[in-house]
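Student: Listed here are the chains, written in short residue letters.
Number of protein chains: 2
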Amino acid sequence: MNKLLIVGTVAFDAIETPFGKTDKILGGAATYIGLSASFFKTQSAIVSVVGDDFPQEYLDLLTDRGIDISAIEIVPGGKTFFWSGRYHNDLNSRDTLDTQLNTLADFQPKVPENFKDADVVMLGNLHPLVQISVLDQLTATPKLVVLDTMNFWMDCALPELTEVIKRVDVITVNDEEARQLTGEYSLVKAAAKIHAMGPEYVVIKKGEHGALLFHDKKVFYAPALPLEEVFDPTGAGDTFAGGFSGYLAQSENISFANMKNAIIYGSNLASFCVEKFGTERMVGLGKAEMLDRLQQFKSLTQFDISLAE
Amino acid sequence: MNKLLIVGTVAFDAIETPFGKTDKILGGAATYIGLSASFFKTQSAIVSVVGDDFPQEYLDLLTDRGIDISAIEIVPGGKTFFWSGRYHNDLNSRDTLDTQLNTLADFQPKVPENFKDADVVMLGNLHPLVQISVLDQLTATPKLVVLDTMNFWMDCALPELTEVIKRVDVITVNDEEARQLTGEYSLVKAAAKIHAMGPEYVVIKKGEHGALLFHDKKVFYAPALPLEEVFDPTGAGDTFAGGFSGYLAQSENISFANMKNAIIYGSNLASFCVEKFGTERMVGLGKAEMLDRLQQFKSLTQFDISLAE
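Residue numbers (the working numbering), protein chains in the order written: chain R, 1 to 309; chain Y, 1 to 309.
No wet-lab data here; the hints were simulated from the structure.
Repeated chains share a single entry, so a pair holds when one copy, or any two copies, can fit it.
With a Cα cut of at most 27 Å, we get these calculated BS3-like pairs of lysine-lysine:
(1) Lys193 - Lys298
(2) Lys143 - Lys110
(3) Lys206 - Lys298
(4) Lys206 - Lys193
(5) Lys116 - Lys166
(6) Lys287 - Lys218
(7) Lys276 - Lys217
(8) Lys287 - Lys41
(9) Lys193 - Lys276
With the hints as extra help, turn the sequences into a complete structure.
Tutor: Pasting the structure below:
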């Protein structure tokens, strides 16, 4: 079975949306990526750090999904990374209310021996130096390295981010981040500039408007499923990345055609994630239900124009 | 050949975008609809009004495209409707600088005798009372009535707009207008509410993010083609409506499956419209070039997931 190495935060989130608010609940990029990737036949491990305030039941939840958590360091006396945010009424923007780095501040990632030859590496959103350190520990060149990042690192660690961008095959960013990174408003031009920075594949996430995959002159546009209600967008991007990388790890085929499928799987899983608070929907989601919704993605976008008309 | 009746403005526009500005050039909803629909095998006529300041060459341009202009009233001594606007840097929003209704203020549309049994009626953006008057003059029930409208009429003529909405099969509005009309943020909920107001088919245009077609519980999502540069968005929505209604008039098939194709044709034509100022690109566009780009829409959205995985 192919190995998927995931690096990212495992954390506490407190979330407010127009529909309600939560106390500290399970969150973090690696958590969402791991849960999402667990729908595919891969052997996955998370590299992360928490404090000893982190509940065993949360760790068990990851283990139950077949995720190797031996590289989630538990710092004695330490506190787990905490993020708190409030979404605006349109759910497309949010304010960060509180960020407590805690144990994340001094995090030195340690890749487990048996994952130093991982087939696919998913670098979840974290300081670029942590992402670089993970790549430096690998003993074999992975088939695919996928990078997710955000505007925060463009603001405060751009040289380091540029370094890691050079070393990855796929980057996933949202539309505003693509524009910030390149100074180009047109996403076609932005993707071309990011392509020139290193990654062969550029994925631009547009939230409720779907996602674009760029590769050379080729473009693929995956819609987001139109939903009656988006309950909580937290983790949707990470869930997308987890589905994308998990599917590619399972299928061992990194052609453009198959990467289209990976984008659809990622969008499909993200469409579930936003239906409930935090990880709740992903934890309750069954594989049959997930596969069933793929049919909706097909009817949503497939058409049959005969070009002879 | 099927008859397509188009009602809408034929006008002068003056446009400013980040790329430049124009003097008074050819514009108007019916102009864009007519040009776009002329790519399909239909017999079409425009019902509209202009002043005698309107150049004969603009009228000839429509005639050259096979459009019957006998119902474009020319008011002696009258001035043609004029709109002037400035687009913001992102081209997604604009300010109206000037609107001179002129001859449009007292416009009494007169449907030509030989179009009172039109197969498809395309009600372009105009006062709802003008749209209703056109429907009242018909002597046979059309196969399809398509309505395009805008927020302006929701603000100042909502009861009349509600009347015309009741009487159409398809409505096309943009996302913000769908939200304004229904008070629903979710486009799925908004479409359901508009559906309940009358139209069997609801098309929600999302500009660079594509368009959604709703019918009962079914949804179709057509992407917009990602473009390097959007030069001038003026007329894109009308061009979309012209391609949509023109294709359906040609094909005589108003099934949901074929309406998907109509949406793709509309999106395809709109993707050309925005490449130059005003009607310039549409006037220069050849049919082969138009059909060629359909292939790009196919590769953009079609994927092949086997659901057995």
